[in-house]
Amino acid sequence: MTIDIKMAWRNIWRHPRRTILTVTAIAFACILLVFMLSFQFGSYDTMINSSVKIHTGHLQIQAEGYRDRKNIRYVIPDPAPVERALADIPGVQAYSPRARAFALVSSEQRSYGVMVEGVAPESEARVSTLEAIVDRGQYFDTTDDGDRAGVLLGELLAQNLKVDIGDELTILGQGRDGSIAATVLPVRGIYDSGMDEFDRSAIQIPLPTFQSVFNMGPAVHELVVVADRLSDVPRIRSALQTPLNNIDADRPLKALGWDELMPGLRQAINMDLVSGAVFYLILIMVVAFSILNTFLMAIFERTREFGIMMAIGTRPGRLMRLVLVESIGMTLIGVVAGIAAGCLLTLYFAHTGIGLGESSELLSQFGIPGRLYPQLSLLSATAGPAAVLVITLLAAGYPALKLRRLRPVEAMRRS
Amino acid sequence: MSAVVSMDMQIAWRNVWRNPRRTLTIMTAVIIGVWSMIFLGALMRGMLDGMVENGISTLTGHIQIHDQDYPDDPSIDHRIDNPQQVTDILQRTLPAGSHWTSRLRVSAVANNARHSTGVTLVGIDPESEARVSFIGDAVSEGRYLRDDDTNAIVIGRALAEQFETGLGYKLIVMSQDTSGEIASRAFRIRGIFQAEMESTEKNFIFVHRDAASTMLGTGNAVSEIVALLPDYNRARAMTREVEQALDNDGLSVRSWREALPLLEVYLDMQDTYILIWFVIVFIAMAFGIVNTTLMAVFERMHEFGLLKALGMRPRRIVKGILAEASLILLCGIVVGTLIGLLSCWLLSFHGIDLSSLAEGVEYAGMSRIIYPDVESRDVFGAGAVVLLLGLLVSLYPAVKAARFTPVEAMTRI
Numbered sequence: 076m077t078i079d080i081k082m083a084w085r086n087i088w089r090h091p092r093r094t095i096l097t098v099t100a101i102a103f104a105c106i107l108l109v110f111m112l113s114f115q116f117g118s119y120d121t122m123i124n125s126s127v128k129i130h131t132g133h134l135q136i137q138a139e140g141y142r143d144r145k146n147i148r149y150v151i152p153d154p155a156p157v158e159r160a161l162a163d164i165p166g167v168q169a170y171s172p173r174a175r176a177f178a179l180v181s182s183e184q185r186s187y188g189v190m191v192e193g194v195a196p197e198s199e200a201r202v203s204t205l206e207a208i209v210d211r212g213q214y215f216d217t218t219d220d221g222d223r224a225g226v227l228l229g230e231l232l233a234q235n236l237k238v239d240i241g242d243e244l245t246i247l248g249q250g251r252d253g254s255i256a257a258t259v260l261p262v263r264g265i266y267d268s269g270m271d272e273f274d275r276s277a278i279q280i281p282l283p284t285f286q287s288v289f290n291m292g293p294a295v296h297e298l299v300v301v302a303d304r305l306s307d308v309p310r311i312r313s314a315l316q317t318p319l320n321n322i323d324a325d326r327p328l329k330a331l332g333w334d335e336l337m338p339g340l341r342q343a344i345n346m347d348l349v350s351g352a353v354f355y356l357i358l359i360m361v362v363a364f365s366i367l368n369t370f371l372m373a374i375f376e377r378t379r380e381f382g383i384m385m386a387i388g389t390r391p392g393r394l395m396r397l398v399l400v401e402s403i404g405m406t407l408i409g410v411v412a413g414i415a416a417g418c419l420l421t422l423y424f425a426h427t428g429i430g431l432g433e434s435s436e437l438l439s440q441f442g443i444p445g446r447l448y449p450q451l452s453l454l455s456a457t458a459g460p461a462a463v464l465v466i467t468l469l470a471a472g473y474p475a476l477k478l479r480r481l482r483p484v485e486a487m488r489r490s
Numbered sequence: 064m065s066a067v068v069s070m071d072m073q074i075a076w077r078n079v080w081r082n083p084r085r086t087l088t089i090m091t092a093v094i095i096g097v098w099s100m101i102f103l104g105a106l107m108r109g110m111l112d113g114m115v116e117n118g119i120s121t122l123t124g125h126i127q128i129h130d131q132d133y134p135d136d137p138s139i140d141h142r143i144d145n146p147q148q149v150t151d152i153l154q155r156t157l158p159a160g161s162h163w164t165s166r167l168r169v170s171a172v173a174n175n176a177r178h179s180t181g182v183t184l185v186g187i188d189p190e191s192e193a194r195v196s197f198i199g200d201a202v203s204e205g206r207y208l209r210d211d212d213t214n215a216i217v218i219g220r221a222l223a224e225q226f227e228t229g230l231g232y233k234l235i236v237m238s239q240d241t242s243g244e245i246a247s248r249a250f251r252i253r254g255i256f257q258a259e260m261e262s263t264e265k266n267f268i269f270v271h272r273d274a275a276s277t278m279l280g281t282g283n284a285v286s287e288i289v290a291l292l293p294d295y296n297r298a299r300a301m302t303r304e305v306e307q308a309l310d311n312d313g314l315s316v317r318s319w320r321e322a323l324p325l326l327e328v329y330l331d332m333q334d335t336y337i338l339i340w341f342v343i344v345f346i347a348m349a350f351g352i353v354n355t356t357l358m359a360v361f362e363r364m365h366e367f368g369l370l371k372a373l374g375m376r377p378r379r380i381v382k383g384i385l386a387e388a389s390l391i392l393l394c395g396i397v398v399g400t401l402i403g404l405l406s407c408w409l410l411s412f413h414g415i416d417l418s419s420l421a422e423g424v425e426y427a428g429m430s431r432i433i434y435p436d437v438e439s440r441d442v443f444g445a446g447a448v449v450l451l452l453g454l455l456v457s458l459y460p461a462v463k464a465a466r467f468t469p470v471e472a473m474t475r476i
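In order, the protein sequences belong to chains A and B. Quick note on the working numbering: the first sequence kicks off at 76 and runs consecutively. Quick note on the working numbering: the second sequence kicks off at 64 and runs consecutively.
Read the hints as simulated data drawn from the structure, not as lab findings. Computed from a predicted structure; not experimentally measured. Don't take each hint at face value.
Straight-line alpha carbon distances no greater than 25 Å define the calculated SDA-like cross-link-like pairs of lysine to any residue that follow [unchecked claim]: (1) Lys237/A <-> Asp267/A; (2) Lys145/A <-> Ala223/B; (3) Lys237/A <-> Gly313/B; (4) Lys237/A <-> Ala322/B; (5) Lys463/B <-> Leu87/B.
Just some of the chain B residues that point at chain A, by a computed CB distance under 7 Å [said to hold, decoys possible]: (6) Arg85; (7) Ile95; (8) Gly96; (9) Asp136; (10) Gln239; (11) Met348.
Counterexamples of contact, computed for chain B against chain A with all Cβ distances above 10 Å [what the hints assert, rightly or not]: (12) Thr156; (13) Arg194; (14) Phe197; (15) Gly231; (16) Tyr232; (17) Glu259; (18) Ala274; (19) Gly280; (20) Asp312; (21) Leu393; (22) Leu410; (23) Asp416; (24) Arg440; (25) Val448; (26) Glu471.
Glycine residues also receive a C-beta, built at the ideal position from the N, C-alpha and C atoms.
Produce the complete structure using the sequences and hints provided.
Rendered as structure tokens:
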């Protein structure tokens, strides 16, 4: 066997230029794939984490049907047993209850329909960025009660309503029991989330205030959960199944993962993956045909040589093996070099990031940060090169099969 | 025959086919590459076209005119008091085949007995609106609005489901009127529409503009005037003209590109992305082109040595190799382009259906079916990139061939 390898190695370097071009082609494809896949995966994680941490959380516990209908009557009757269950599950970083309803909010000059959210001041700060983005006035005092309650709203909404800190807002809506829910509250803090949609469409008030104004009793609509890591989410979900089933409620409680809360995000990511895969496969095929000639030449220009070898007793099977070892050797050199260079390139950019330039401001509307960091992982470093390896070997294998039918006398006649 | 095609070209053509297997192999690489450039390029453009169509037809139109404060604060206070003046100017300025319509558009709260939610109330003129936006064709149950409708309302199917309501039922709409008070009015659901995106169905409710005007106390004033041109690519130029004609009378005139800035960013970047794709595919091909040409050159060294010994100028040898390369490239480009155009044509019947990924599509603002969009600049661009860069990389083997001294060349076996 070792003599085969030695021969293969020497054969490869009989035409150094040709070999180098072939190896470089394979390496080019691998570098590109490692980098692009790392970039894609890195941006997905960034997108998911930034989207969920703003507001949605990694998981939410809601009454069945609330997500679709947003009906004020679809409640979690009492968050306490759910919170107890969550406290027992490892990997849960923080959780917070919320209640929501749509209402008309009026200032002295303007009225707008907005979503009113009741949030628990202390725990909310641990599950979303709300406290951090308040840039005028103050976040809720964690001991807020009815007397010192106030409203938090976004910069854009404050502008549209023409209010500033301390101005009063009237909130008018429909309570859980259908009665009129009305209250007057002062503006306590104004935030800027960087996402126009968000800043324009919701206001936050303390949860106890909400519950009393909208006649909720102790009920809430959502329990928002943030996990330590994105990968913990499925485990936490299954751990919640039994405790949730044991809670008595009009509508059963369900734990929804971020991909159910924002199905668009998961599907958009899948679409990106699939379209990426299509592009990559086509690219690999172009490379394969591009270097096919090398493998073809390796056989067809040595017909005479093979003829002689067969005439002195080499089995066709061994010839095939020899040629295959050459092809595998070249391919492996290319793949390994490609993975190495690709990883270096990716690690460099993972450190410095890739700026999105002018469009970054616009993309922040979607929660996409201005710099994207490719993320090297075992999958991204090997999936692409593996595909290159397989397709290249298929391309190399096909001509090798032709060796089986080689006849020594005819072969030796060729020059 | 030889008068039409020079002898050098004839020789080049015959040289190319001396080793058919090798030539066909590299040609296949070029064909696949060019096909992918055209086909995938057309799909990329088609996807963006879908996004633009969505944005435009939803309600944006090609040109929008508002009170200058309306874009940042779309409330009833910021309205166009003299719409007749604006429509007169549109009549004079816009090309034949354009249509426009005026709307009242404010945010409102819709209520029924058990539900309430925020919506956008759109008061339309049914006839002109049908020529400008999607709503004219979109009503799937009941009927569209008529000129004599005083209390009819058309809502989206997703909203009807959310409110657990249907045709014939009442819907109460509340909004702020011109005096700052909350105006509220009951409408009867006469039509239910379906739209490309669920958010459209949940957000927009349509009434007759006169009904909205009575409710909000706006008289003849409107919130926006929207125009649709025969060709959306002319929107920017037309917007400038309208702006000039209006002499910036406290009004903001925007083309759809300004109203949908995210799409503008994508569109601007798209040409660059497509070019980057072309270059990457070319690089993948280039290795093969150089390798193949090198092989062809080294195989014929003896021949080149002989030709040089007989007096052929090196430059002619270079030209010969380049001619061979260009013939291979051209054949590949032509076949690849034909196959690319064919596959685009075949796909244009049904498009690529993304309905199974409906929510992701909506999140990204895309339309559910993608049709390929073939642009001549892409087709020619692909051919140009492959031919020009292909010739460039073929220079290396060509020059190598010309450099052999006759003695070296002829002594090699």
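Which hints, by number, does the structure contradict?
Checked against the structure, no hint fails, so every one of them is satisfied.
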